[in-house]
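Student: Protein sequences, first through last, are from chains Y and G. Each residue of the first sequence is one higher than the last, beginning at 1 in the numbering used here. Each residue of the second sequence is one higher than the last, beginning at 1 in the numbering used here.
Please keep in mind that the hints were generated in silico from the structure rather than gathered at the bench. Computed from a prediction, not measured in an experiment: that's the story for all the values here. Glycine residues also receive a C-beta, built at the ideal position from the N, C-alpha and C atoms.
Just so you have them, the derived chain Y footprint on chain G, three or more residues with Cβ under 8 Å: (1) 17–23; (2) 45–52; (3) 253–264.
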Amino acid sequence: MENTYLTKKDVIKLNKDTYIVTFENIKFELGQFIMIETKNLVRKPFILGTWNNHPAISVQIKGKGTEYIVKTQNNIKAHFPLGKKFIPPSGKGMVIISPTCITLANLITKEYNCDVLVGSKTPLEYKIPFEFATGDVEFANKVEKLKKYDWYLISGSKAMENFVLSKIESNNIYVSLEEYMGCGIGACKSCAVFTKNGVKHICTDGPIFRRDEL
Amino acid sequence: MNLNPPLIIASGPGGNGEYLKLINPEYIGAYTLKTVTLNPKKGNLPPRMRDKEHFVINSIGLENPGINHFIENIEKYKLNVKTILSLGGDTKEEYIKIAEIIDPYAQYFEAIEFNFSCPNVKKGGLSIISDKDEWEEILKKVRKILPNTFLIAKLSIEGNFVETSSQIVAKHNWEGITLINCVRGLIIENGKVITGGISGPILKPISLRAIYETRKKLKDIYIIASGGIYTEKDADEFLEIGANAISIGSALFKDPNVVEKIGKYLKGVKK
Numbered sequence: 001m002e003n004t005y006l007t008k009k010d011v012i013k014l015n016k017d018t019y020i021v022t023f024e025n026i027k028f029e030l031g032q033f034i035m036i037e038t039k040n041l042v043r044k045p046f047i048l049g050t051w052n053n054h055p056a057i058s059v060q061i062k063g064k065g066t067e068y069i070v071k072t073q074n075n076i077k078a079h080f081p082l083g084k085k086f087i088p089p090s091g092k093g094m095v096i097i098s099p100t101c102i103t104l105a106n107l108i109t110k111e112y113n114c115d116v117l118v119g120s121k122t123p124l125e126y127k128i129p130f131e132f133a134t135g136d137v138e139f140a141n142k143v144e145k146l147k148k149y150d151w152y153l154i155s156g157s158k159a160m161e162n163f164v165l166s167k168i169e170s171n172n173i174y175v176s177l178e179e180y181m182g183c184g185i186g187a188c189k190s191c192a193v194f195t196k197n198g199v200k201h202i203c204t205d206g207p208i209f210r211r212d213e214l
Numbered sequence: 001m002n003l004n005p006p007l008i009i010a011s012g013p014g015g016n017g018e019y020l021k022l023i024n025p026e027y028i029g030a031y032t033l034k035t036v037t038l039n040p041k042k043g044n045l046p047p048r049m050r051d052k053e054h055f056v057i058n059s060i061g062l063e064n065p066g067i068n069h070f071i072e073n074i075e076k077y078k079l080n081v082k083t084i085l086s087l088g089g090d091t092k093e094e095y096i097k098i099a100e101i102i103d104p105y106a107q108y109f110e111a112i113e114f115n116f117s118c119p120n121v122k123k124g125g126l127s128i129i130s131d132k133d134e135w136e137e138i139l140k141k142v143r144k145i146l147p148n149t150f151l152i153a154k155l156s157i158e159g160n161f162v163e164t165s166s167q168i169v170a171k172h173n174w175e176g177i178t179l180i181n182c183v184r185g186l187i188i189e190n191g192k193v194i195t196g197g198i199s200g201p202i203l204k205p206i207s208l209r210a211i212y213e214t215r216k217k218l219k220d221i222y223i224i225a226s227g228g229i230y231t232e233k234d235a236d237e238f239l240e241i242g243a244n245a246i247s248i249g250s251a252l253f254k255d256p257n258v259v260e261k262i263g264k265y266l267k268g269v270k271k
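If we strip away everything but chain Y, and leave its shape as in the complex, we get (with noise of 0.2 Å):
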């Protein structure tokens, strides 16, 4: 693990509110996520990935922390890489995000078979290589539509987890799981979730859980 200074590559408007960030050298595995200092008191969890083969994370701006690590032309401190690798199962997998988990899509589809379906909320100022919907209705009506996958992962608000999990049935459903987070390393046990098989902790059970431990 490292506690070290990232510095910025690049930053590209991906909608209203949401950013992509790229970053020079940070090694890290799929489904692994970063804190990040910010100018309040406590750092951020972001699920790392990829965009332009540059180690990237998506950002949305909802308060001064968020924005600060958007805007900064400064070096951003931020430990890394945390939790748990995702392997996901065999077969062709649909990978269902809003455009805070786009970076994580792109590495996905690079390492694995799946199609991408991103919803947004707002729509897209920058052309993705992904299928995308921009609206509840139009993301709903997508979703709904879905052909048969040997698995699914989805990563988004909770809301939008949960109207995609009451659209899909599959045993192997795996979910990207968001709770605030103090240390990250499991030190601080903010980020409980209460599980079929106890508590655990997504910043080092998961953040990727599957569906039927929840």
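Starting from the structure of chain Y, add chain G where the hints point.
Tutor: Frame of chain Y; chain G shown alone:
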């Protein structure tokens, strides 16, 4: 306790040694483990933490595997720095029972801190000191069970004047006190009330006052300062006001290097 540097990782935010992957142990005087209770606790339902300008609010609820599991796995809790064990309970009987259970293992630890001030549990924690007679009985009996252990009471500013509570601790010949634990707080997020314990820089003046008042009354007790220590200057102020050591918690979340920086400073410049 003789700690060099006089810097302690606080119970709670520091987990059970996880930050040793990010901080050079040379700059940590002692590491306090997460509070262990008699019975396992699942902790509170989310949300468990938020941060705002100048403070963090948490409601973890003492999630821990219980003392029996802790003892069965005690090797895992032996760190490469001096270690302070933190114990808690829901009732007087639980505090006494846990002291009896840990007695054969007390030698493994530099000190044992009893948490009399967790703001995030329904029973025990902060409420345990509201019955003065019962609390005094705990202090008296635990002292008797662990006669050779450096005993620390972790106190809050709530429930009593902190200097009065500290005097009670000293009366029962406990060696140390940690001042202060989180203070109960509340935020409103999207119309929803979130309660928890407040930590972070906002606590610093409150903690400074608690230590100042306590040191006036008690010249010899070992005081561990806790509450909003983020810089070398913060550490200086707490030590000048009468603390013997400083304890760092939520600053870990901002940058683990904060600890290393303060530790280096205390080990060198302040030696």
